[in-house]
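Asker: Spelled out, the chains give:
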Amino acid sequence: MLLIPCPHCGPRNQEEFAYERSIDSVVRLDDAPDVAIAALYSRANLRGEDHEIWSHTCGQWLRLTRDRMTHAIHAVEAL
Amino acid sequence: MGAGRYSALGLLRGAITGHRHWGRAWRAAEPGGPYDVVIIGGGGHGLATAYYLAKEHGVRRIAVVEKSYIGGGNTGRNTTIVRSNYRQPQLQRLLDYSLKLWHGLSDELNYNVMFSPRGALFLGHSDADMTRLAERGDALVAMGIDADLMDRDAVAKLVPLLDMSPDARWPIEGGLIQRRGGTARHDAVAWGFARAADTLGVDIIENCEVTGFLRDGNRVTGVHTTRGDLVAGRTAICVAGNSGHVAGLAGITLPIESHTLQAWVTEPVKPMIDTVVMSQTLHCYFSQSDKGGMVGGGDPDFFPSYAQRGAPLRLEDSIAQAIALAPALSRLRMVRSWAGVTDMSFDGSPIIGEMPLDGLYLNGGWCYGGFKATPGSGRLYAHLLATGKSDPIAAPFDLDRFAQGRTIDEVGSGPMPQSR
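Chains G and Z, in that order, give the protein sequences. The numbers in this note's numbering rise by one with no breaks, and the one at position 51 of the first sequence is 51. The numbers in this note's numbering rise by one with no breaks, and the one at position 25 of the second sequence is 25.
To be clear, the hints were calculated from the coordinates, so they are not data collected in a lab. One thing to keep in mind: the hints can contain errors.
[Claimed, not checked] Computed beta-carbon distance windows for the label pairs: (1) D30(G) x S126(Z): 43 to 49 Å; (2) M334(Z) x G59(G): 33 to 39 Å; (3) G10(G) x D229(Z): 24 to 30 Å; (4) R406(Z) x G59(G): 35 to 41 Å.
[Claimed, not checked] Quick look at which bits of chain G chain Z covers, simulated, 3 or more residues with Cβ under 8 Å: (5) 12 to 22; (6) 41 to 52; (7) 67 to 76.
Since the model is a prediction, treat every value here as computed from it, not as a measurement. Heads up, the beta-carbon is just placed ideally off N, CA and C, and yes, glycines get one too.
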């Protein structure tokens, strides 16, 4: 189980959070088609540390730096 | 080669001589080469690919490299369900092609894979569910795939274990059954394909992890491994769960994210259910293994992970659902739970096709439904590797479909792998 430090509420149970997408998957309105397609459908999917967007039920959005092999959370920033 | 061809006579002879004649089922091959084809990944799919390449396409120099031991990954971690009752026609064709192979697989391999077509039943919990199941059943029958819609009484008769009482947590209105579906012994599938491929001369190299690719410009010419370099005419990735990692070694990103899926098994008991029960509305599925344990599972863990261990959250969900559907399960002790890493693709369908580098191919993205496809996946991948062209059944599952808007999205959730 993950204990995720919400920038607004402090450490909370994983159950209150939802993983949204990895940070390399944000599509901007003025992206060229190939950039947009890559953001929609292509992931680094690293077997190690990756950057992810999560949301908390309190409404806070988070940027997590998390190891996908050990589940260790290395950094949390408010988005 | 050990005990040669397995037969009842061989068993009988062994009984007289104290079963001392059994040898290894496959050689412990050393890395050699050069190879015509190197297959990365010694799971069911990779071994099946090697078998069909050798048997049907006459390819002689084949190696399967496995980072650990045969069947130690997802092949040995699934809930062993085999069925083909999907909704999208491309998936129906693919999985029914595979299901037909399952029905003759033990004879084909001279190895008992314990395939048991005991019926795979989807439960319907509401009028809307029943409408959906009826529509799916019609679509399947139109494709020539068996599907029987069952009313409430028929489901109650088939599976007396289910809670059909008026105050059941999830009322059961009926179901849709595929009688040709069922379960198989997952380890035996890996072992059977390994033994059959080895007999045809395939080198199965265990404890050999791929660490990079040999390159000649835009062409892949083999693999670097922890046990030396292997030169290959064609290199075939078949590592579902770790496709993202292995493709990353070649500098390629894929429409795949790796997620954890958990399963559980109870202590073995006498036969209490002879059907595979699934609820797609809840997302819970369970059946009884031939040893007697109740085996089940549910949703993946909803966030990316390569850890092969899951959080109790999702485990609790699937067990709570199973107990609500079949209250007798609450009296059983759970013996084990475990997790596998699944390739969650961005439309929920597998990828079988060429990669952007010459000589490199991919079979992956099976989400959490790869086991049922094992023989079909291997045979279609072998066809692609031998001929350089996809069989019409596999052709829709190429890697280009995402950029071209041809996704095969069974549940219609879009490019969000965690919401399948």
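Asker: Among all the numbered hints in the text so far, which are the ones the structure does not match?
Answerer: 3
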